[in-house]
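K.L.:
Residue numbers (my numbering), protein chains in the order written: chain X, 1 to 356; chain G, 1 to 356.
Because the hints were derived from the structure by calculation, they are not lab data. Be a bit skeptical, because a hint or two may be false.
[Claimed, not checked] Pairs of lysine-lysine, DSS-like flavour, derived with a Cα cap of 27 Å: (1) LYS263/X - LYS263/G; (2) LYS82/G - LYS93/G; (3) LYS82/G - LYS71/X.
Protein chains: 2
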Amino acid sequence: MIRISIDAMGGDHGPAVVIPALMTVATRRPDIRFVIYGREELVRPELAKFPKLAEVSEFFHCEIAVRMDDKPSQALRHGRWKSSMWKAVEAVKSGAADACISAGNTGALMAMSKFCLRTMATIDRPAIAALWPTLRGESVVLDVGATIGADAHQLIDFAILGTGMARSVFGVARPTVGLLNVGVEEIKGQEEVKEAGRMLREANMASMNYHGFVEGDDIGKGTVDVVVTEGFAGNIALKTAEGTARQIAGYLRAAMSRTLMAKIGYVFAKSAFDRLREKMDVGRSNGGVFLGLNGIVVKSHGGADSDGFAAAIELGYDMVRNNLLDRIEADLDLFHARNPHALSSRKSDVVIDAKE
Amino acid sequence: MIRISIDAMGGDHGPAVVIPALMTVATRRPDIRFVIYGREELVRPELAKFPKLAEVSEFFHCEIAVRMDDKPSQALRHGRWKSSMWKAVEAVKSGAADACISAGNTGALMAMSKFCLRTMATIDRPAIAALWPTLRGESVVLDVGATIGADAHQLIDFAILGTGMARSVFGVARPTVGLLNVGVEEIKGQEEVKEAGRMLREANMASMNYHGFVEGDDIGKGTVDVVVTEGFAGNIALKTAEGTARQIAGYLRAAMSRTLMAKIGYVFAKSAFDRLREKMDVGRSNGGVFLGLNGIVVKSHGGADSDGFAAAIELGYDMVRNNLLDRIEADLDLFHARNPHALSSRKSDVVIDAKE
């Protein structure tokens, strides 16, 4: 049995999108149980539509809902201990749930997750990992915006975190891992990236096939299973790809409505276009997975529809089912046992966090 | 009369692509003159096919051609003073040409351009600017890979350089300028970016409409005329966008050949698809413009066809015609006259360069 805690108030649409998604997943995964947090008067009517869902769910009323435009500090001030988002995260900490899913605002969810769950013992900073569609399938890309800048040790943490996720989600025993850089030659790029590359090559880990540097265009090609970068470049890469996809969708719409012939062609090819639109639709992607915390938190896209939110739940389910946290902890222990200097040379920011 | 120096040996195809491009431009711009550098036995036969081009061109034989895979240091060692690439850049320095175009390797061309032309008096580092197709037309994005990292002063330099280019190429009197960041709020992002933002807002320059921060997806939207970032993030954004465009082209091809209906639709819409392919084809983009040097150097895409190389020449032509360098120098002078501390607080790397 896998128990998932749900912040029903997150996202642009709230319970109206979240609850039907739970029903979808409950049908597909009979061993799933939900712990749902949200405002009674909004969630109960939706739940009433799915009696079968009610059988596998517990619901708890929360007075407070974090708003999509709350700053992380505001959200913590108003929503700590009592908002649906906080309660959903806390359920993971207390053991009431194995993973938490929210479509709420990313900064608030990350702030609450860090505060409540804490980073893993040897991890300085959490990362947000995206599942990136590629020509070969999907890749894990991290960090896409949890923090700005990363030293070599933090990049290695991200590599280990991302590898654990790729093993859990793709079922690959030894995922290929690349460090995002401005060239593939070993002499190119930021010092931190070069140092991380040397250390990963030397570490030669059993669970990770270190490929070397990759460039921006390798992400869409699917050159590696895991692309590692710091949060500034990663966030810009992710948003630039989303922007490019939207831009080309715009060109395509314009091209298909320009002439009569094109319009006729569109009618014939409509179902092919619909499939293509699905592939290009960033709103359908699963948002981000928070890695490096003592618990699994999945951030679904704020604008996600029920299918998108269901996909985010199933992603969390798969990671629990495949023991993501145990895998990551085993790999971190193994790496640090062989590289004891790596741990002593880093400065932790956990103490600062606690005072926020 | 505008004189353009041409490295005929650059690019994947060399003179066979370069020389026909010159003919195309010579027809469209009767006041253009070319100074061509390359290997006699390869260039002369191509030139012989276009007697009209020969009338507006001078040709100089160069024994050495920089290879596409030469490292910058190798290229400087073997090619300085004598390669076709060096000679083309040197023609700008000596005044024999107003701008230089090469499809040769970027690192070598930048190394030679820095060595030969030097950076402008108040500029620490040159930038490579890309013309980025957007939903609204085109934007200037810089730096896309000349150097890694940039402090606030260097970001401001890039903003001034990019503004000059946008004014010259788009004919906009006061281009909008955005700093690439991971959020649009003033409190977000790298310290350098935040400081540059404050300084640009305070400077309130007559030639520049400072918009604020922009995110990765704003580039394709065309939110601003000029997007400013340091070279690491800029290069990753550019390559990620190229990769995404290629990825979607792959999806489109697959979608249009999957069913009979889709194939029929494709036949009807073929000309629309051809137009779309042209828009998405990164090989047709003009490569990059080197900014911040005492001379105009345009790097055409290595894989460019004749139309692509012709576009790069016309870009250089337009920048000369519209007094790019004078505009940039006037803006730099104006900025530094009002912000004298900006100049004294920076460290120049010009001396180091001279010893390379």
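K.L.:
Next step is simple, just say for each hint if it's right about the structure.
P.N.:
Going down the list of hints, with the structure as the test:
1. LYS263/X - LYS263/G: holds, 14 Å
2. LYS82/G - LYS93/G: holds, 15 Å
3. LYS82/G - LYS71/X: Outside the cut-off at roughly 60 Å; violated.
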